[in-house]
Amino acid sequence: MAEKLDVQQGTLALMILKTLEVLGPLHGYGVARRIEETSNNRLTLNYGTLYPALLKLEQEGFVTAEWRPSENNRRAKFYTLTAAGRKQLARETREWHQTADLIAAFLAPRRGGETP
Amino acid sequence: MRYLRAAFARIAGLFTGHRADADLRDELQSHLDMETAENIRRGMDPDEARRQAKVASGGLTQAAEAVHDQRGLPWIESMVADTRYALRALRHSPGFTAVVVLTLALGIGANTAIFSVVRGVLLKPLPHRDGDRLIYLRHSTDRPGGANIGFSVPEVRDFRQGVPALGGIAEYSSWSGILRGDDDAVRVSVGLVTGNFFEVMGLSPVLGRLTLPRDDGPGVPPVMVLTHAYWKRRFGGDSGIVGQQVRLDGAAVTVIGVVEPAPWFPDRVDALLNMVFSPHHLSAFMVEGRTHRMTEMIARLAPGASVEQATTQVAAVYARMQDAFKEAYDPGSHYRVAVVPFKEVLGERARLTLWLLMGAAAFVLIIAAANVANLTLMRGVRREHELVVRAALGAGVARLRRMLLAENLVLTLLGAVAGVLIAVGGMGLLVALAERYSPRAGEIRLDAQVLGFALVLSVVVALLLSFVAALPQEGTFASWIAAGGRRLAGGRRKQRLQRALVVAQIAVSVVLLAGAGLLTRTMIQLANVDTGLVTEEVLTMQVPLVTPAQLMSDPSADATAKARYERMRLEVMALPGVITVGLGSPMPLRRSDVRFDVKADGKALAPGEATPSAELRTANPEFFRAAGIPLLRGREFLTTDRTGSAPVVIVNQTLADRLFPGEDALGKQIAWTGDVLRFTPISGDWRTIVGIVGNTQDGGLDAKPGLVVFMPFAQMLVLGGGLVIRAESNAERLVPAATRIVRSIAPTAPIENVLTVSQIKDQSVSPRRLNAALISSLGILAVLIAAVGIAGVLAFSVSARTQEIGIRMSLGADPGRVQRMILREGGVLLALGLALGVAGAFFAARVIQGLLFGVAPHDPATFIGVAVLMAAIGTVACWIPALRAARIDPAITMRTS
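Chains as they are written, first to last, in the working numbering: chain A, 1 to 116; chain B, 1 to 897.
Please keep in mind that the hints were generated in silico from the structure rather than gathered at the bench. Keep in mind it's a predicted model, so treat the numbers as computed, not measured. Certain hints may be false.
Example chain A residues on the side facing chain B (calculated, C-beta under 10 angstroms, incomplete) [what the hints assert, rightly or not]: (1) 46; (2) 51; (3) 55; (4) 59; (5) 76.
Built from N, CA and C at the ideal position, the CB exists for glycine as well.
Required output: the full structure, derived from the provided sequences and hints.
Now the structure itself:
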């Protein structure tokens with residue numbers, strides 16, 4: 001079984017923004033499910049991690065929130081990506097790629113030796 | 001932008017708590033419901049589905065808490081909670097709160113008030129534009145009255161040409177004149193200045209214009225610039241005064257403007273005029289006479305130049321000058337020029353006194369803070385139980401510390417508010433004190449910066465207090481809790497800290513008391529100085545009838561004035577209760593500004609010896625008897641000593657001893673001498689000494705008497721003049737009647753300095769008295785606080801040792817023995833504090849040496865007195881807790897433990 005991971009600081013915001021970009025307006029439960037599924041259930045999000053992150057994005061103006069009826073006619077709070085959120089997502093994606101490349105280059109075996 | 005937006009959202013979040021909490025509950029619930037539904041859809045039974053969903057949530061309460069922290073500013077919320085809690089806790093111990101707030105208020109109040117004076121007088125930038133670039137040049141010699149002799153115009157000219165580091169040099173010359181009003185006349189103190197004066201000083205007009213270079217030289221109309229204070233005082237701030245003419249010394253002068261408020265030096269002037277007002281200032285005497293020194297120099301550093309450069313260049317030019325004009329700088333007098341920043345010159349008389357007060361106030365605050373620390377420590381012990389419980393309930397050390405800090409902040413801020421109120425109350429007194437020492441007293445304000453100072457002080461004290469209280473260390477909670485929250489009555493470390501604080505308090509109190517003692521002794525010594533007058537029932541009043549300028553233009557004015565003085569004298573003499581009335585100038589116990597070099601017939605100066613100079617005073621035949629100046633030898637002046645008869649003088653003891661050491665001065669001849677005489681109507685003829693009188697303290701009670709020559713009032717031009725009225729008793733009573741007589745004879749002449757001799761004496765003593773009183777009150781405050789401190793610590797020690805004492809007593813120790821034990825405990829602290837304090841006072845006394853008079857800085861009587869006083873107060877403070885210890889009933893203590 002895959003090892004469970006904690007969400008790395010800073011990456012959660014990026015995951016939420018990306019989820020909202022791909023799936024459109026979504027409630028907290030939907031966001032959590034999507035992130036867990038995408039990670040093949042290696043990540044679990046409890047409420048205490050997810051909701052402060054959503055609130056923070058709202059405070060920063062990257063998402064807006066409103067109550068709406070959900071697919072099976074329950075009421076839920078839906079989060080929508082704003083224009084600023086889109087820009088922020090693009091910026092963070094770029095930065096993440098750069099960082100990932102850098103780290104990959106840094107950790108790459110020097111003489112084509114063993115891989116982990 | 002993003003952070004700003006988030007910050008606003010969070011601040012808003014502080015206030016939208018309730019609605020947002022409900023919203024969040026709904027949101028979390030909907031999440032839980034959706035997850036439960038999903039679990040059911042996957043085939044779980046409803047109960048299991050709900051349970052699994054709850055497990056995955058990680059706890060709703062924790063989530064709500066985390067969101068809550070993200071929403072608002074948690075530290076502000078906990079601060080608010082802490083403050084609310086602190087207020088509640090302090091309300092529950094009103095005694096503690098009152099004592100602490102009052103103690104801190106006194107400490108912070110004293111510091112705030114004195115800091116406002118230090119700032120206004122010493123620290124604040126000058127109101128002048130680029131005031132830190134202003135330079136004062138001080139010319140001094142070792143001769144009496146040589147501390148600041150001023151420059152001659154040729155000297156100023158040499159500096160102006162030879163010192164490029166000084167960008168502009170302005171000249172200023174003191175003058176005093178009589179300003180005629182519609183129905184009165186007043187003496188005004190004015191400065192004659194060059195046209196560049198205000199430009200160099202960096203001052204602007206508030207009304208009209210200031211003098212300009214075009215106002216220099218002869219052939220221009222005399223113009224006057226009023227100082228701001230005088231404009232307000234004399235003209236009620238009337239803006240119509242600009243452009244009008246006033247009569248000064250009988251001449252018409254146009255007021256051209258009012259200058260912004262600024263400190264004036266060396267005199268507090270009322271107005272400034274261009275040089276043309278005084279023909280003398282443009283005469284060849286003044287302009288060419290190298291020894292005719294009547295001018296002060298104020299300069300502005302050239303752009304990029306430093307004080308050091310200016311000093312070097314001035315020294316070089318001055319050395320060249322001394323070389324070229326040897327006769328103008330007799331080597332025995334040690335002529336020298338100092339380059340001093342103007343700001344320092346303004347503060348120099350106040351500096352020592354003010355820093356002394358500031359130091360004393362700081363000491364009081366230290367003692368006060370130490371006391372509060374002790375009280376907090378004791379209270380902390382009583383609260384250990386509470387702190388342990390809080391720690392057990394999950395409050396971290398940081399949180400506990402914050403709680404204490406909030407409590408201490410509330411205390412110190414309350415203290416600061418009360419302290420500022422005290423400061424406001426004490427400001428009047430301090431400004432009055434500062435006025436005697438500094439021309440900048442008008443700049444003292446309780447402004448935002450001073451209040452900021454009080455705030456910073458209180459925060460610093462609160463921080464210190466929060467860290468003296470011992471908190472359970474991380475990891476030691478277990479042992480605290482294991483102890484069951486039982487009272488851990490003051491660990492050894494804490495008791496040591498308390499004791500150290502008490503020792504420090506006593507030591508600092510002793511230092512303050514010693515300072516207060518020395519200053520008080522100074523004041524008493526000064527008040528007991530023999531003025532040289534045999535009676536104090538003397539009323540003096542100065543009535544200037546003519547000015548030197550009038551005398552020069554109208555020679556007959558002299559005789560007219562003398563006749564009017566004589567009429568005044570005879571009419572006042574006829575008043576009941578008057579013994580005799582003298583005429584002369586200046587009045588006894590007042591400094592004379594008229595001073596010339598003097599030589600004795602047949603005596604040559606020793607090589608390198610400075611030419612002696614003496615004050616010139618005038619007196620009529622009754623003057624000495626009226627003033628109570630004892631005639632030691634020879635005779636008083638006679639009515640036959642008048643114009644045309646042989647010139648005679650009476651000298652004081654100091655002059656006789658100085659010019660005729662070991663000889664009888666009576667019958668010897670002396671004469672005025674020196675270059676300066678050429679500029680005056682005073683002749684250098686030989687004059688015979690017909691009498692020798694005792695020395696009088698004309699330069700102030702703390703000054704060494706100088707050389708004095710009295711000339712007959714009738715043989716000398718009227719230099720000013722006044723009445724010396726000796727009464728049978730209560731001389732002050734004569735003021736109305738004497739004033740009426742003078743008014744009837746000279747309706748427009750100013751009547752100045754109507755004072756009895758004891759009042760004059762008091763003027764000399766009162767600044768010292770104020771000084772001594774301020775330091776003494778700070779000292780007394782310190783001692784009281786320290787006494788409370790030592791009593792409190794011992795009382796605490798007694799209550800912590802109740803059990804031990806109970807056991808001792810049940811084992812046979814009698815109450816006397818217990819009492820001695822506690823007294824010994826206090827005695828050790830007292831002795832340590834005294835020893836440290838006396839040592840500290842030895843150092844402190846050296847620092848304030850300059851403020852002392854007639855008492856050695858290590859005056860044994862003061863030191864012993866202070867030590868005995870402190871020991872006595874300390875013993876009393878120890879006695880009370882010791883008595884309490886002795887009354888402990890062993891039966892009761894054993895039962896309750």
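Each hint, compared with the structure:
Nearest Cβ of chain B to the Cβ of residue 46(A): about 3 angstroms, under the 10 angstroms cut. The hint holds. Among the interface hints, the one on residue 51(A) holds; its C-beta lies about 5 angstroms from the nearest C-beta in chain B, closer than the 10 angstroms criterion. A least Cβ separation of about 5 angstroms between residue 55(A) and chain B falls short of the 10 angstroms threshold, and the interface hint therefore holds. Because the closest C-beta pair between residue 59(A) and chain B is about 4 angstroms apart, less than 10 angstroms, the hint holds.
A least Cβ separation of about 5 angstroms between residue 76(A) and chain B falls short of the 10 angstroms threshold, and the interface hint therefore holds.
Violation of the numbered hints given earlier is absent; every hint is satisfied by the structure.
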